Amino acid sequence: MNSEESRQAELDARLRKLFAGVDAGVGFDERVMRRVATVAATAPRENLRAQFERRRALLRRRLLREAWMSSITILGIGACAFGLVWRFAPDIRHLATGQTSLSDPNVMIGGTIALLGGAVWFVLRRVRG
Amino acid sequence: MPADDEITALIHAGRVQEAFERLMPAYRRRVFGLAYSLLRDRGAAEDVAQEVFVKLWQALPRYDGRAQLSTWIYAITRNTAISAMRKRRRSLSLSDPVVEQEVESRGAQPAAEPADDALWRAVAALPDKQRQAVTLYYQDERGVEEVAAMMGLPVNTVKTHLHRARAGLAAALGAAGKEDS
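Order-wise, the sequence lines are chains E and Y. Take the first sequence: its letters are residues 1 to 129, numbered as in our numbering. Take the second sequence: its letters are residues 1 to 181, numbered as in our numbering.
In case anyone wonders, no lab produced these hints; they're calculated from the structure. Since we're looking at a predicted model, the values are computed, not measured. It cannot be assumed that every hint is accurate.
What the hints assert, rightly or not - Label-pair ranges, simulated between beta-carbon atoms:
| hint | chain 1 | residue 1 | chain 2 | residue 2 | range |
| --- | --- | --- | --- | --- | --- |
| 1 | Y | Arg90 | E | Arg16 | 33 to 41 Å |
| 2 | Y | Ala171 | E | Ala41 | 51 to 59 Å |
| 3 | E | Met33 | Y | Arg90 | 29 to 37 Å |
| 4 | E | Asn47 | Y | Gly14 | 14 to 22 Å |
| 5 | Y | Val144 | E | Arg7 | 16 to 24 Å |
| 6 | E | Phe52 | Y | Asp128 | 26 to 34 Å |
| 7 | Y | Thr71 | E | Met69 | 42 to 50 Å |
| 8 | E | Arg125 | Y | Gly14 | 44 to 52 Å |
| 9 | E | Arg7 | Y | Ala125 | 12 to 20 Å |
| 10 | Y | Ala118 | E | Phe52 | 55 to 63 Å |
| 11 | Y | Lys55 | E | Arg56 | 20 to 28 Å |
| 12 | E | Met69 | Y | His12 | 44 to 52 Å |
| 13 | Y | Glu21 | E | Arg56 | 36 to 44 Å |
| 14 | E | Ile113 | Y | Pro61 | 55 to 63 Å |
As the list claims (entries may be wrong) - Covered stretches of chain E, going by a simulated chain Y footprint (3 or more residues, C-beta under 8 Å):
| hint | stretch |
| --- | --- |
| 15 | 14–23 |
| 16 | 28–34 |
Positions of the beta carbon are idealized from the N, C-alpha and C atoms, including for glycine.
Start from the sequences, fold in the hints, and give me the full structure.
Following this line, the structure appears as structure tokens:
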């Protein structure tokens, strides 16, 4: 064994000695088992609380999603109504001034669509509620 | 590791408590050693090791055997130790720097009465990964493969860390010897 190898062997031995004592303290297993017992005792209560929190978070997310969907639906219907009024403004003016009778086919179709739309909206609201 | 196969078989058979009772003595030194190599503080390493075993007790029923048992345990240990390190840094950063230094230097020592102060100082001065590799390698005369699994690094990287650490320690001890004489 040359001097380099013997120095290395000596260093290895010193390092082994230095780290040989690196271990958990006496009674470690008992301390762990005590902590496990504490966790086991509180786990069912914690589980219930976690379950409740999870349900509450789910409900909050669902309500938020529904609020967004309602807003988008109202905005969409409003935009459609505005577009229709804009598009058929002359006809509406004629109807309002009595220049077009209610028996006009365009008026009847428009009125039916509006009535159906209103009914669908009402039914949807009832179903969601 | 044969103990791992037995523990895994017990978990799959639903005998989790029995598996845990086998697992704790088999892994105590390794979990503690890994936590210690990262934290350099016996008290903090013991806290982390306890926390790891509580986590293992909770998670064992969900262990599906996709990863090796040892790999899974080392990953939990590393993550728990790193979280503890972050918490410790946050709390130390709020305290007096002098106290911080004192706590660091005391906690870093491997035993209450360090037998080899010069060597310990040289080890403490090594870069983190080299110090960690040296601690794990010499704690239980482990193979490089096992140290690599514990550190979550490739075997060749660990060999390089060990080689550089030995060279660094030899140089530091040589310099310290010259200073003393």
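Results of checking the hints against the structure:
{"no.": "1", "hint": "Arg90/Y with Arg16/E: 33 to 41 Å", "in the structure": "holds (35 Å)"}
{"no.": "2", "hint": "Ala171/Y with Ala41/E: 51 to 59 Å", "in the structure": "holds (54 Å)"}
{"no.": "3", "hint": "Met33/E with Arg90/Y: 29 to 37 Å", "in the structure": "holds (30 Å)"}
{"no.": "4", "hint": "Asn47/E with Gly14/Y: 14 to 22 Å", "in the structure": "holds (19 Å)"}
{"no.": "5", "hint": "Val144/Y with Arg7/E: 16 to 24 Å", "in the structure": "holds (21 Å)"}
{"no.": "6", "hint": "Phe52/E with Asp128/Y: 26 to 34 Å", "in the structure": "violated (43 Å)"}
{"no.": "7", "hint": "Thr71/Y with Met69/E: 42 to 50 Å", "in the structure": "holds (45 Å)"}
{"no.": "8", "hint": "Arg125/E with Gly14/Y: 44 to 52 Å", "in the structure": "holds (51 Å)"}
{"no.": "9", "hint": "Arg7/E with Ala125/Y: 12 to 20 Å", "in the structure": "holds (19 Å)"}
{"no.": "10", "hint": "Ala118/Y with Phe52/E: 55 to 63 Å", "in the structure": "holds (59 Å)"}
{"no.": "11", "hint": "Lys55/Y with Arg56/E: 20 to 28 Å", "in the structure": "holds (26 Å)"}
{"no.": "12", "hint": "Met69/E with His12/Y: 44 to 52 Å", "in the structure": "holds (46 Å)"}
{"no.": "13", "hint": "Glu21/Y with Arg56/E: 36 to 44 Å", "in the structure": "holds (38 Å)"}
{"no.": "14", "hint": "Ile113/E with Pro61/Y: 55 to 63 Å", "in the structure": "holds (60 Å)"}
{"no.": "15", "hint": "14–23", "in the structure": "holds (count 10)"}
{"no.": "16", "hint": "28–34", "in the structure": "holds (count 4)"}
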